[in-house]
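Asker: If you want the building blocks of each chain, they are given just below.
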Amino acid sequence: MNNWIIIAAALAYLILLFLIAWYAEKRQKSGRSLINNGYVYALSLAVYCTAWTYYGSVGRASTHGLEFLTIYLGPTIMCAAFWPVLRKIIRICKTQRINSIADFISTRYGKNFSIASLVTISCVVGIIPYIAIQLKAISASFELLSAGNNPQASPVNDTTFYVTIALTLFIIFFGTRSVDASEKHEGLVAAIAAESVVKFLAFIAAGIFITYGIFNGAGDIFSRAMERKELQHLFTLGGEGAGPSSWLSTLVLSMFAIIFLPRQFQVGVVENLREVHLKKAIWLFPLYLFAINIFVLPIAIGGMLLGTGSDADMYVLSIPLAHGQQWLSLFIFIGGFSAATGMIIVETIALSTMVSNNLVIPLLLSRSLSVGSQGSLQTTILWVRRISILLILLIAYAYDKAVAEQFSLVSIGLVSFAAVAQLVPALLGGIYWKEASKAGAIAGLVTGFLIWTITLVIPSMVNAGLLPDAIMQEGIFGQGWLRPYSLMGLKGLDPITHSLFWSLSLNTLVFTLTSMYTRRSVQETYQAEIFTDIFEQSRYADNKVVWKGNASVRDLKGLLQTFLGEERAEKILVNYANRHKIDLAVKRADPRLTNFTEKILSGVIGSASAHIMVTSVAKAEELGIEEVVNMLRESQQIIELNKELRKKSSELAKAGEQLQAANSQLREMDAMKDEFLYTVTHELRTPLTSIRALAEIVHDNPDLPDEQQQHYLGAIVKETERLSHLITQVLNLERYESGRQKLHMSSVNLTQLIRDVADATLPLIKEKQVELKLHLPDSMLLVECDKDLVSQVIYNLLSNAIKFTPEEGSISITTRHNYDEVQVWVADTGKGIPEDLHELIFDKFFQARNQTLTKPQGSGLGLAICKKIVELHQGKIWVESKPGLGSTFIFTLPSTKTFFLNG
Amino acid sequence: MNPNRKQQQYIILFVALLLLFNFPLLSIYNKASLVNKVPLLYRYVFLAWLASILLLFAITETRKEKERRDE
Numbered sequence: 006m007n008n009w010i011i012i013a014a015a016l017a018y019l020i021l022l023f024l025i026a027w028y029a030e031k032r033q034k035s036g037r038s039l040i041n042n043g044y045v046y047a048l049s050l051a052v053y054c055t056a057w058t059y060y061g062s063v064g065r066a067s068t069h070g071l072e073f074l075t076i077y078l079g080p081t082i083m084c085a086a087f088w089p090v091l092r093k094i095i096r097i098c099k100t101q102r103i104n105s106i107a108d109f110i111s112t113r114y115g116k117n118f119s120i121a122s123l124v125t126i127s128c129v130v131g132i133i134p135y136i137a138i139q140l141k142a143i144s145a146s147f148e149l150l151s152a153g154n155n156p157q158a159s160p161v162n163d164t165t166f167y168v169t170i171a172l173t174l175f176i177i178f179f180g181t182r183s184v185d186a187s188e189k190h191e192g193l194v195a196a197i198a199a200e201s202v203v204k205f206l207a208f209i210a211a212g213i214f215i216t217y218g219i220f221n222g223a224g225d226i227f228s229r230a231m232e233r234k235e236l237q238h239l240f241t242l243g244g245e246g247a248g249p250s251s252w253l254s255t256l257v258l259s260m261f262a263i264i265f266l267p268r269q270f271q272v273g274v275v276e277n278l279r280e281v282h283l284k285k286a287i288w289l290f291p292l293y294l295f296a297i298n299i300f301v302l303p304i305a306i307g308g309m310l311l312g313t314g315s316d317a318d319m320y321v322l323s324i325p326l327a328h329g330q331q332w333l334s335l336f337i338f339i340g341g342f343s344a345a346t347g348m349i350i351v352e353t354i355a356l357s358t359m360v361s362n363n364l365v366i367p368l369l370l371s372r373s374l375s376v377g378s379q380g381s382l383q384t385t386i387l388w389v390r391r392i393s394i395l396l397i398l399l400i401a402y403a404y405d406k407a408v409a410e411q412f413s414l415v416s417i418g419l420v421s422f423a424a425v426a427q428l429v430p431a432l433l434g435g436i437y438w439k440e441a442s443k444a445g446a447i448a449g450l451v452t453g454f455l456i457w458t459i460t461l462v463i464p465s466m467v468n469a470g471l472l473p474d475a476i477m478q479e480g481i482f483g484q485g486w487l488r489p490y491s492l493m494g495l496k497g498l499d500p501i502t503h504s505l506f507w508s509l510s511l512n513t514l515v516f517t518l519t520s521m522y523t524r525r526s527v528q529e530t531y532q533a534e535i536f537t538d539i540f541e542q543s544r545y546a547d548n549k550v551v552w553k554g555n556a557s558v559r560d561l562k563g564l565l566q567t568f569l570g571e572e573r574a575e576k577i578l579v580n581y582a583n584r585h586k587i588d589l590a591v592k593r594a595d596p597r598l599t600n601f602t603e604k605i606l607s608g609v610i611g612s613a614s615a616h617i618m619v620t621s622v623a624k625a626e627e628l629g630i631e632e633v634v635n636m637l638r639e640s641q642q643i644i645e646l647n648k649e650l651r652k653k654s655s656e657l658a659k660a661g662e663q664l665q666a667a668n669s670q671l672r673e674m675d676a677m678k679d680e681f682l683y684t685v686t687h688e689l690r691t692p693l694t695s696i697r698a699l700a701e702i703v704h705d706n707p708d709l710p711d712e713q714q715q716h717y718l719g720a721i722v723k724e725t726e727r728l729s730h731l732i733t734q735v736l737n738l739e740r741y742e743s744g745r746q747k748l749h750m751s752s753v754n755l756t757q758l759i760r761d762v763a764d765a766t767l768p769l770i771k772e773k774q775v776e777l778k779l780h781l782p783d784s785m786l787l788v789e790c791d792k793d794l795v796s797q798v799i800y801n802l803l804s805n806a807i808k809f810t811p812e813e814g815s816i817s818i819t820t821r822h823n824y825d826e827v828q829v830w831v832a833d834t835g836k837g838i839p840e841d842l843h844e845l846i847f848d849k850f851f852q853a854r855n856q857t858l859t860k861p862q863g864s865g866l867g868l869a870i871c872k873k874i875v876e877l878h879q880g881k882i883w884v885e886s887k888p889g890l891g892s893t894f895i896f897t898l899p900s901t902k903t904f905f906l907n908g
Numbered sequence: 010m011n012p013n014r015k016q017q018q019y020i021i022l023f024v025a026l027l028l029l030f031n032f033p034l035l036s037i038y039n040k041a042s043l044v045n046k047v048p049l050l051y052r053y054v055f056l057a058w059l060a061s062i063l064l065l066f067a068i069t070e071t072r073k074e075k076e077r078r079d080e
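Protein sequence lines correspond, in order, to chains A and B. FYI, the numbering for the first sequence is 6 to 908, going by the numbering used here. FYI, the numbering for the second sequence is 10 to 80, going by the numbering used here.
In case anyone wonders, no lab produced these hints; they're calculated from the structure. Do not take every clue at face value.
Said to hold, decoys possible - Straight-line C-alpha distance at most 27 Å; calculated DSSO-like pairs for lysine-lysine:
1) B:Lys15 with A:Lys99
2) B:Lys15 with A:Lys652
3) A:Lys773 with A:Lys808
4) B:Lys46 with A:Lys285
5) B:Lys15 with A:Lys234
6) A:Lys439 with B:Lys15
7) A:Lys93 with B:Lys46
8) B:Lys15 with A:Lys773
9) A:Lys648 with B:Lys15
Keep in mind the model is a prediction, meaning the values are calculated, not measured.
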């Protein structure tokens, strides 16, 4: 294919990225962020998939079978730890305004320069080869694609160089806009997410073409390979580099890499907008890895079957090309280009921030520490970052030309992973172990990187011809125990596993032991508390004060102006002061302001530099270690106490409410009791008065005629009966209300019961000359109830009806039934009851209290008793009536056990 | 619901995945044979992988409903 077409396509692609980034920044400024969602976050994490994934996986699979998957299974496993671990790291970085992994470690261990620069140098040394292989992949794919039409060697070298320069410009434009490195690069993240989509689509397109276009699906590829003895080993794991130990070691390496590689830290932590975006990434990101890897093995084996003869790393591109698919090949080339550029862009930004903040700026500041005198440092810082970006890319380019040519993509990538793994003990120890100290971290890191250098870097230098071969056989300086591939005589492991075993175990051991036996400075102790308890601390971190010094507001403002420019510094300060009600007019700065200034500066120049800058103007007295610890403890205790107090007071309030409710209920009941007593005694007195009057008549007139005497005595007996009836009723009612009445449930034939009660009232009916009609079914109507009590209800209702029905009137009793209840209707043709009394008549002594209306007939307790009994049976009782039209009393009994027996 | 519950689920899954994607469990399927034209190991790893993604999804997203109700 013509070179110019390829170059034009690559350039067009970069311009597209540029437009996406530009659009995203525009949206950010207008407040409608394009990337403020979990999907973009998950896609940006996929910057993990570089040219290594795109080209290298196939190459690796063609020699080691499924072993390449460890690089993607590790991150999948780590996704399960995202919520517990990564969220904690994100929270720490947000509250502390941390902008790189070196800054993270240095902030944890007391905002210290030496450790920050150590981490920075190790990262740069470890990662530059990794960037170089991305450049290598770009140039190799370009070479392959252009050689199709152009057998003569093309100016490839220059092309890689131009790509390097184009990328540099792109990164400088979008990565170093603002001096505040902890500020989000939304345009960049949007571009990275777009790249993840492009490389995914291109790789899947290649996979589909090779698997289904050239072969008849993956099954076809697999079964053909099964027939070839030399390919069978690709279906299993084993042998050099793919045994259990190397499987485990690459798995562990990739687990660490997914969080702690500088570029992953950049997109996963620094560029993270909201913690909740993690939730989408936890399952979406492994899904992406899963999908992009499905076709790797089919492509690798397919390439072996076809025997194209080209480098297996390039099968993805070379197979479609060999089958004449020019445009598909160009698309695949762009996919690989996007995988490589995505990695280069993010990695370079992360590294350049680290280099400028931790190596260059400290040097600049140490030369002129007097603040305010050197004017604005903003542009200086930006230029430092831009130049570091250029340098990093140029070194990577040089490395690519000099060394990387000789290695496969994967082997160099793994060396970088192994370098990053050295940060893990200090990092994880830092967020979970309070005793971890700066001395321990430095000792561990140095040990780890030293072993990494011996076991992985030196062999690669020997391979590149920079060091004599003898080192590999005889050991460094001729020391037998220092052989790079068999340290201390340990043999039988592949180089990566061997290196990882020694470096990580000794790193951890030295780190923990040194930490245990060294003292920590005040600043370290303070940071250790914050890092390990971030979820507790971040709630009040803003108000916590560890500055005892005497900073003046003017000095702090000067500091901010130096690094942010006048306008922004003013804006930030005033905003903060307004939010926390701090007076900026006073001379001596509020300690919170000092703290805030340090935090803002951390975002710009890293925590170590920021700390030194602020200390220089605050003239802080060093706090005692006890003082700091007490401060932290105290505020924590206060929070605990507050929580406890709030809980207690809400409990108290609840108890108070309950008491009040109980009290008013008691009052009500007391009033009811008074009223009840009043009415009962009143009711009792009426018959007593008449008994007394009658008895006095008989007593005072001994010569009354017998007949009359008999009459009076009869009246006395009747009144006493009424009296004892009343007392029985009062006692009954009291029993029902107090709940002492037990129901003696049995199956009762309700029709029979009604007939019996009706028979018992026959004398009354005859006396009153009313008609009683019974509308009862012929069958049995069985209800589970207390026979005596229910018959009392029916009796009371019936006798009431008789009482209030005028002569010649009629009374009817009807039963109705449905699924869950039986109704008994007792209807009369009396004078009816006004609607507003329908509920009141079931009250105790309602009649008695309304004696003005009618002459009392009965005790006034009958209906109240009926109501109680029906309620005891979980039934209902009510009245339907209109004045002048008679009334109907209806009560129901639940009838789960009701059934009919045809009699 | 106890907020630590989710943490525990994640940690259990983390340990389970470490075991699932490692020797000696892998050696059960480490045979050069095809089932329905798909290599045994390839099939196992990809199915286990898909299952683990589903579990991650389940732990992460089911909690959301409850949170929403809590709010």
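Asker: Are the hints correct? Go through all of them and say.
Answerer: Verification of the supplied hints:
1. B:Lys15 with A:Lys99: Answer holds: Lys15 of chain B to Lys99 of chain A is near 23 Å, not above 27 Å.
2. B:Lys15 with A:Lys652: holds (25 Å)
3. A:Lys773 with A:Lys808: Roughly 8 Å separates the two Cα atoms, so the pair holds.
4. B:Lys46 with A:Lys285: Answer violated: Lys46 of chain B to Lys285 of chain A is near 34 Å, above 27 Å.
5. B:Lys15 with A:Lys234: violated (48 Å)
6. A:Lys439 with B:Lys15: With Cα atoms ~25 Å apart, Lys439 of chain A and Lys15 of chain B stay inside 27 Å; holds.
7. A:Lys93 with B:Lys46: Roughly 45 Å separates the two Cα atoms, so the pair is violated.
8. B:Lys15 with A:Lys773: The hint is violated at about 79 Å.
9. A:Lys648 with B:Lys15: This hinted pair holds, its Cα atoms lying about 24 Å apart.
Taken one by one, the earlier hints fail for this structure at numbers 4, 5, 7 and 8, listed in ascending order.
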